[in-house]
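Each chain, written out:
Protein chains: 2
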Amino acid sequence: MPFADILKAVVNGTEGALGALVVGVDGIPVEEYSVSGDVDLQSMTVEYSTLLKEIEKGSQAAQLGTTKEVTVIADKAMIMLRRLNDEYFMVLIIRPDGNFGKGRFLLRMSVPKLLSEF
Amino acid sequence: MPFADILKAVVNGTEGALGALVVGVDGIPVEEYSVSGDVDLQSMTVEYSTLLKEIEKGSQAAQLGTTKEVTVIADKAMIMLRRLNDEYFMVLIIRPDGNFGKGRFLLRMSVPKLLSEF
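If you read the sequences in order, they're chains A and B.
Residue 1 is where the first sequence starts when you use this note's numbering, and the numbers rise one by one after that.
Residue 119 is where the second sequence starts when you use this note's numbering, and the numbers rise one by one after that.
Just so you know, these hints were derived from the structure itself, not from any lab.
You can trust all of the hints, since none of them are fake.
Derived DEER-like restraints, expressed as beta-carbon distance ranges: (1) B:Asp-193 - A:Gly-24: 18 to 24 angstroms; (2) A:Glu-117 - B:Met-227: 38 to 44 angstroms; (3) A:Ser-43 - B:Pro-230: 31 to 37 angstroms; (4) A:Pro-96 - B:Ser-154: 30 to 36 angstroms; (5) B:Ser-154 - A:Met-1: 41 to 47 angstroms; (6) A:Met-109 - B:Asp-193: 16 to 22 angstroms; (7) B:Lys-171 - A:Pro-96: 17 to 23 angstroms; (8) B:Pro-214 - A:Ile-28: 29 to 35 angstroms; (9) B:Arg-226 - A:Gly-24: 32 to 38 angstroms; (10) A:Glu-87 - B:Glu-172: 18 to 24 angstroms.
Below are the EDC-like pairs computed for lysine to aspartate or glutamate, each with C-alpha atoms no more than 20 angstroms apart in a straight line: (11) A:Lys-76 - B:Glu-187; (12) A:Lys-68 - A:Asp-86; (13) B:Lys-186 - A:Asp-75; (14) B:Lys-175 - B:Asp-144; (15) B:Lys-171 - A:Glu-54; (16) B:Lys-126 - B:Asp-158; (17) B:Lys-194 - A:Asp-86; (18) B:Lys-186 - B:Glu-174; (19) B:Lys-194 - A:Glu-54; (20) A:Lys-53 - B:Asp-193; (21) A:Lys-57 - B:Glu-174; (22) B:Lys-194 - A:Glu-69; (23) B:Lys-186 - A:Asp-97; (24) A:Lys-68 - B:Glu-172; (25) A:Lys-68 - B:Glu-187; (26) A:Lys-53 - B:Glu-174; (27) B:Lys-175 - A:Asp-26; (28) B:Lys-186 - A:Glu-69; (29) A:Lys-102 - B:Glu-187; (30) A:Lys-53 - B:Glu-172.
Examples of chain A residues toward chain B, derived with CB under 7 angstroms: (31) Leu-51; (32) Thr-66; (33) Lys-68; (34) Glu-69; (35) Val-70; (36) Ala-74; (37) Lys-76; (38) Ala-77.
Backbone N, C-alpha and C fix where the C-beta goes; we use that ideal spot for every residue, glycine too.
Hey, can you work out the whole structure from these sequences and the hints?
In structure tokens form, the structure reads like this:
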């Protein structure tokens, strides 16, 4: 299944989801699917991909091993980042009143599907 | 209820919890309760408090408002950070096989209790 279809299935299956992306650890998006123009997914992703690297450094420093998933709950959105491999991660952005648990489930389920496309 | 008792209730109520702390945004712990010597809570907390500031900057830059909660799932532990106010946050560290949802629930429930002690 192409990246775009996998992302679309995650976004459409999660109540309140605004969009999803596959992003390189350098912050450059590979594929993007969004249902709302309210949120600037790309600028948000550049910010958070930097953070992912910082978090990774923090996890290594604290001897916790590789970071698999990061969730940030802010006033205006919930952002989930899920590692795909050393080079890429997936991002899902949900409204604060959206279905956090469903989004997390679908994000996890889509990792093997995305990896099979690499 | 004193800080230590509130932290103890969260840790003992969460299956697989290793410890909990109240920490200043400068990374200096105010109170700490841990059930395991396996994890160096304080050094971990210093790492993650730096991250919280970075995440906050990222959220502001992406116009998502204030960060309320951050979760990091790494190979060897799950770490939850929950904002108390502008100066302090709470940290809960759980084993990878621990009860993530219960921990998150108890962490959230304990915020007003902790704030009433300030």
